[in-house]
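Here's the letter readout for the chains.
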Amino acid sequence: MYDISRKALSAALRAGADEAEVYMVKSEVTSIDIRKGLIEGSKENINQGMGIRAVVNGAVGFASTNVVMKMEEAARTAVSSARIRGRDPAWRSFPTDGKYPEIKGTFDPHIKDMELDECIELSTNMLEGASSLPDVLVTAGSFSRVASRRLILNSNGIEVEDKGTAISGFVDVITGQEEPTTAYEYDMSRKMDIDFFNLGKAASELASMSRQGISIEPHRTEVVLHPFAVTDLLTGIFSFAIDADNVQKGRSSLIGRTGEMIASEKLSIIDDGLLEGGIETAMADDEGVPSQTTPIIEKGIFKSYLYDNYTAGKEGINSTGNASRQSYSSPPSVGIRNFIIGYEKSNVIEDTDKGIYINTVIGAHTANYISGDFSVEARNAFTIEKGTLARPIKSLMLSGNVFDILRNINGAGKDRRQVGGTVTPSLRIADMSVVG
Amino acid sequence: MKNVDFYDVRVVDATTTSIIIDNGNVEEISVNYTRGGGIRALCGGSWGFTSADGYFNEKKALNAASELAISMHSRNPKEKVELAPVEKPVLKDLPSVKIDPRDISIEEKVELLKEMNKRAKLDGISSTSTAYSEAEVKICYTNIDGIDCEYELIRSGFVVSAVASENGIYQAGRESKFGVKGYEIFDENDALELAANAANEALQLIHAKPAKGGNMPVILDQELAGVFVHEAVGHASEADLVLEGSSILDKMIGKQIASPLITIVDDPTLHEYGYFPFDDEGTQSQRTTIIKDGILSSYLHSRETSAKLGGDPGHSRCQGYSMPIVRMSNTYLDNGNSTFDEMLEEIGEGMYLIGSRGGQVNTGEGIFQFNAEKAYLIENGEITTLMRDVSLSGKTLEILNNVTHVGNDLKMNSGRCGKGGQLVPVSDGSPHICISKAVVGGT
Chain A
26 MYDISRKALS
36 AALRAGADEA
46 EVYMVKSEVT
56 SIDIRKGLIE
66 GSKENINQGM
76 GIRAVVNGAV
86 GFASTNVVMK
96 MEEAARTAVS
106 SARIRGRDPA
116 WRSFPTDGKY
126 PEIKGTFDPH
136 IKDMELDECI
146 ELSTNMLEGA
156 SSLPDVLVTA
166 GSFSRVASRR
176 LILNSNGIEV
186 EDKGTAISGF
196 VDVITGQEEP
206 TTAYEYDMSR
216 KMDIDFFNLG
226 KAASELASMS
236 RQGISIEPHR
246 TEVVLHPFAV
256 TDLLTGIFSF
266 AIDADNVQKG
276 RSSLIGRTGE
286 MIASEKLSII
296 DDGLLEGGIE
306 TAMADDEGVP
316 SQTTPIIEKG
326 IFKSYLYDNY
336 TAGKEGINST
346 GNASRQSYSS
356 PPSVGIRNFI
366 IGYEKSNVIE
376 DTDKGIYINT
386 VIGAHTANYI
396 SGDFSVEARN
406 AFTIEKGTLA
416 RPIKSLMLSG
426 NVFDILRNIN
436 GAGKDRRQVG
446 GTVTPSLRIA
456 DMSVVG
Chain B
-1 MKNVDFYDVR
9 VVDATTTSII
19 IDNGNVEEIS
29 VNYTRGGGIR
39 ALCGGSWGFT
49 SADGYFNEKK
59 ALNAASELAI
69 SMHSRNPKEK
79 VELAPVEKPV
89 LKDLPSVKID
99 PRDISIEEKV
109 ELLKEMNKRA
119 KLDGISSTST
129 AYSEAEVKIC
139 YTNIDGIDCE
149 YELIRSGFVV
159 SAVASENGIY
169 QAGRESKFGV
179 KGYEIFDEND
189 ALELAANAAN
199 EALQLIHAKP
209 AKGGNMPVIL
219 DQELAGVFVH
229 EAVGHASEAD
239 LVLEGSSILD
249 KMIGKQIASP
259 LITIVDDPTL
269 HEYGYFPFDD
279 EGTQSQRTTI
289 IKDGILSSYL
299 HSRETSAKLG
309 GDPGHSRCQG
319 YSMPIVRMSN
329 TYLDNGNSTF
339 DEMLEEIGEG
349 MYLIGSRGGQ
359 VNTGEGIFQF
369 NAEKAYLIEN
379 GEITTLMRDV
389 SLSGKTLEIL
399 NNVTHVGNDL
409 KMNSGRCGKG
419 GQLVPVSDGS
429 PHICISKAVV
439 GGT
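Taken in order, these protein sequences are the chains called A and B. Okay, so the first sequence: first residue is 26 according to the numbering used here, each after it adds one. Okay, so the second sequence: first residue is -1 according to the numbering used here, each after it adds one.
With the rest of the complex left out, here is chain B (with noise of 0.2 angstroms):
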């Protein structure tokens, strides 16, 4: 090899099918076969990357890596890259799959599925759709060390939603479940209760009233919650954030940044639709804990930020073939001892924000955006009036501040992030949280 002072090379093997029912009907079956693999290679301080399709020449995409990286770093030679050492990985503890959804046929997939939207189609809803991905992903991982490490994962999960129309209004439910896990998803959680929920929600929201915005105490429920934990501080922990200057985490390892209610973590080792047993550039997964007892205690690395910042290396993954940067897997908001009777009490007036339809975040400046699905008013201690348009916005330290009960509910949900380009899929959570002041935006 040319002299490069690390490389690295992914190879993905991956099949993947999904499945669209529309309004009761087959919209799309789709199988995808892939195969290909991601290079990296570094010298001084450059990286160069090289990604190609099908059976490449390893050997060639190699060459063609370092070529980049010796060229970049002649004409631009910039402070020297060190990586954290790391040990070959151990497989242990995989998630084993009940049902291969490969033993399953495509017929008995699309019978199910239309008999969600089925039960999606109650009286006022205009239409439904569900849709049911599987993957089955091989990862092959070997480096300049001699790390050679190899494993298999399945994923699957669906997705349910229905649409409530009245008089010129719309309004959408929706219900999904995603893991790494077979075909028993769909059984594990009541699919076609799931259905029957994501129509009901949506035939609730057309009556809702808009909200009123203002600036009042809140409690958000875990999917709420879970998503702040996940947007506003899993991404400011992100050591590649942090020494862009763009989060507001930077130097602040150690201090009191949060409530001593709260203890966030990230555990790429659970099984949950994050899960992954080693990274992808080798490295063994482990928990990291984020924020212990309102302290920051550590960002999420990968071996070049680690060896910069210290703190442990394993959360480097990527998209396919794209180049590995730092991520989350799953990350959560740990239980605290709270009951959500005792949150309403301790409110009297302000509002339930429930559900998420995503939301944005700027980590420099530390301010978020975030969409509930819906909204209860609070008033005297107890949950009145149905909102829907209902927003959360404000700055990230100060709602970690203005945390004054954390609940004992914690509940994960999976979705795909989102970063630079690339997606994976992660999951994130939260038990019901209690804010005692918080931006509400309404119509």
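Only chain A is shown next, with the shape it has when bound in the complex (with noise of 0.2 angstroms):
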């Protein structure tokens, strides 16, 4: 990995980049999937390929393959494509001085070295604990394990390479002949430390308490969101608009608010590329700056965007550790590490009187990313009656505006969980609009 990278780091200098930049991943992936109730076949995918960023006189071009042999030659079609590309007077130069905080729980050998046998054991684990309910059918659900290193070279003399492992498991379940409900449960670790069984049985009893749905008039009342729907609805939308790039291109709704209150002011939400056994966690970000901590909300005060490299060179700040690729094949840009969310803990649903408990939302992506208003389906949602789950509710629509749900949480549960990078309790929203 590092041979190779540092001649297609020399081959994009020698075809005349002043700069240039490698991003080289490789990784294993083994995966099984379950489709009715069975397991239906195990995969093993091994992936590697490579970015390259090229900078000619303050143009930036980029290029990438999956090809050992052809990673010479991408390096010249990086520098050929910044050719092409006008010079970008914002442009300054990649991170330099790497100096790189010490960060845990990212890589357990006991994942890398995991064998199929036991892949397979901890499936069927899964599948059990979704069968130790009556009349659940696990409808498809998979499970897998992955370990990948990430090498980052630069010619600022960035050098970082970061290995990492997770396991995740997801089962999805139905229930009941004539009105059937589903439900899913998910779970995702840099360790093994998931108890694939009870992952399994969470998702049957989700579906069979959510039988026999009552039908319920439009009106406003007191949500509580799931950490499931808290990621759905919030880490999308609120990330888009710290985004600094989306500021800069006047694309936020957050454009000239840092220092303001818009939130609760016992919300706090920080952006934490080192969070120990993080999803995201990381020595670097996917440009080679360390990761660091990031206040994003404090007592409800807006304190900071996100930025890489580039976006803080604009307004000539440093990074906050916030480049993101999604493959190698793409070039990066502003992405949240982990993400987490905090508030005061209490037991959110005996404190309520009256409400709704929603589990999962389906159609986030629909929302008005600038705006923050949306309208989505709820799944698995219940009556809250004198602090209780009271009544399941078969079809739900839940309508607001994610700016206001941040002004107006009034709770959290002790139920905080990380959700791929989100890390959240259950939330409760005052006078959320929800249509039967």
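FYI, nobody ran anything at the bench for these hints, they're computed from the structure. Every residue gets a Cβ at the ideal spot worked out from N, C-alpha and C, and that includes glycine. Every clue listed holds true.
Stretch-level coverage of chain B by chain A, calculated; a stretch enters the list once three of its residues show a Cβ under 8 angstroms from a Cβ in chain A:
#, stretch
1, 19 to 26
2, 67 to 76
3, 158 to 166
4, 231 to 242
With the hints as a guide, bring both chains together as one complex.
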């Protein structure tokens, strides 16, 4: 990996790049697919690829490939793409002087060395958990384990390698003949600490609880959102608004609002590239800037946007370590790391006299990402009466605005959990509009 | 080869180029060259699959896939998987590209995209962006039965979007065209005019009123109706979802499930974005009628689901080197004979919903939710006030039965459809349709 990466880097420089950067990933994935209650098959994917950025006279070009013998050629293509682009006056340079923090809990040798047998056993545990309740059928599910390496080199002396592992399970279940109800459960971790039996069981319990749903009248009420629903609704839209690139391009409704009270004074949100065992934890971001912890909302006050090296350069400040790539084949852009939502804990359901509890939502990607307005279908929703989940609700539309939600949060549960990169408890929101 | 019942190997070579122009500046020029393969092996009832990047050792990869299948089978034997037999596909009527995008310099492409950006930058527009992508793909397929075939395809397209802002209100407009076409896609669709349309749409929406929800009769335009056809009906007709118990269309073949006005077809042979000459398990592509005059006539099948349920294979597709699954191609509701004016007259009071910002469907429960780009109130049979943030939700089968008019102005739209973590190019379409009762959501 080092050898071919260095060759590509020098190929770019020889072709006339003023600066160059190589990003290379290798990963091994084993996954198990479940269909209709049975293990259907298993997959092994061995992936590798390289993305190269080259700078010529203040313009950046990009090329990528997954073919080792084409890597030097890709480096030259990046240089020729850069020549086509005009000089970008906002370009400063690739990151320099990486001094990397120590991180914990991102690599588990047990996951790296896991054999197929154990993968099957864990998948079977998940299936058994889901089947431990009567009349529940697992429609689909999956298990996977990943071990990956990522190397970033640039001509300013950055050289950083991260190794990581992850394990995950997903299960989708259905119950009931006449009026079927569905539910899913999902978990992902950097270390081997998922109880797969309980994961499967949780999905089945939720589907069973959701049977024989009632209809409700349209009204406004307090709504408690499960961490899944919080993640679906808040993470995508709010991270869009704090992305410095969107701010600089006039696409964010948080433009010019740092220092303002934008949320409940008990709410804090941080972006953390260093969280122990976090899904998005690494020594560096995806262009080699050391990871850091960035307060976004502190006691309701909006503190900071998130920057990669380029957007930070435009404002003459330092990157917050938020360069992110979807894969080796795309250049970096601003993205969140571990997105941690904090609010004073309480028995949030017990303390709610009347309201609605929502596990997940569908259609969050249809929201207006700029205004924050959304209208989504709530799944596995229940009425809350006198502090308990009373009746399942058949069908429910939840409408509102993400920025209003930030102000209207008035409670949080003790059930903080990691949902991908988002870490959040259940949140209670005042005065939401629901249509049954 | 080891003792497997079936294997196949797909090797994909692809070069993609993408250009993004943001507020008039080149934001990204990227070229991606990839090669790799996906190998399936079947032993009894267990599938093994491997994928590898680059110039990999096919024999070794096939052995690894076979070993996975064999070891799954020995640990966990299941009912044998049968595959419907297929003939070697015949390549015919491939789309012809008028202007090979590789013959156009990147500089020229950048100039055209910048010009589109300029056209979208009307007064009141705070930001614009245009993106272009082209892909030249070569697919080679071989399997245990001696099928050995390949094809090359060029796909290209563009998207332009504009954001209008006024007093803290932001609204976006967007236009896109993608196809199995070359560089001619810009001229054929008047890209410069579409850029201005996107901007005008955003400007109009700024002054649109937030919609009030409720139960009412609606007209859907071609795009939103097409999304409904794809999301709510198309996915529910995918035989793998039927088999796993995640479709309301299970055991409904031969039954009247929709208004007799409804005929829905999936046709991969059309030269639209979802085109393919043979699918990703080597099956010749062919047109499948999903619903004929309101009666469910067929699911969409892979070779495996076809052997289990009957029906023709030919809808097994994958992204890159992933494991193929049952997918749609070009899915549409066929023309009827109503006019738009007849629909307005019929409705009297209701809403006309236009365009789509996407949506989601639970195919197991048969419920869906889509957000329209915009809507107009219909009052006294006339189109009146422009509304925004409008959604449509309901039960798939109820909507299919509540269709009272099907127009004669079928139009297709292109996009990428996600399923099982894989994106594949598809198109969907419909004429205008009129629905007697639907749940419209507002804010």
